[in-house]
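K.L.:
Chains as they are written, first to last, in this note's numbering: chain A, 28 to 169; chain B, 24 to 132.
Because the hints were derived from the structure by calculation, they are not lab data.
Chain B regions said to be covered by chain A (calculated; three or more residues, Cβ under 8 Å):
| # | segment |
| --- | --- |
| 1 | 35–46 |
| 2 | 78–86 |
| 3 | 105–111 |
Everything numeric in this text was worked out from a predicted model, so none of it was measured. Where is the CB? At the ideal position from N, CA and C, for every residue including glycine.
Here is what each chain is made of, one letter per residue.
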Amino acid sequence: MTGTPRYLQVSFALPSDPRYLPVVRGAIAPLAAAIGWDECDCRAITLAVDEALTNVIRHAYQNRRDGLIEMECRESSDGLEITLLDNGAPPDKSSICARELGCDQPGGLGTHIIREVMDSVSYETSDKGNRFVARKTLRKKP
Amino acid sequence: MKISLRDVGSVRVVEVEGDVDLGTSPAFRRTLFEALPHAATVALNLQAIRYIDSSGIATLIEVLKASQRLNKEFVLFGLSPAVEQVFRLTHVSRIFKIFQTEQEALGTT
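The following block holds chain A by itself, in its conformation from the complex:
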């Protein structure tokens, strides 16, 4: 057995079924609160994670409910890192676009939210599947 971890790490393996989204949301908000974010930031982080999962369900698995999503939430010395792995269709990077601010078109909102809330976002595809990583740094209030 390895030593006690210094930071919290939570892993989920879930089907690509929207009925599990509330379960994940129910875990992310308290995790963000434990790291030190206030209620408003916890809601925003929860929303960003939910949007990333929604993108996997809609785009990678094309709304199939039997795909596997592996999720890892890792607290770090200065914040939080979220990793999602899936085996669905690779993302079309040319179509991953945030919407124009204030416009009245419904598309691209989820990607906009993720980029607005998280400090860094990356997408990679390999023979192991698609990997989405988002990080957010906790800024100490003076």
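Starting from the known structure of chain A, arrange chain B on it as the hints suggest.
P.N.:
Relative to the frame of chain A, chain B by itself:
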């Protein structure tokens, strides 16, 4: 998510309670689109929404555009803090008619 409807004069008031996400937004969308042809105004109460994601916001934008095509009014009232935050993040507040209370929303018709 729970949805209920009631008519106040020529206004159909839609009340939504709970979470609007990828799993529940199809029912949310269907209810709003079904309400549009039956009233001059559809007023959506967002006070009891605990959570709304981009699919819910996209639905609101679609319903607004459909209401404009049909010459109907689509107004929102009672935004909960969770809803207000998503509206801020997505910068959509300016495209909707938003009121604090039902009385104010219905007074516009």
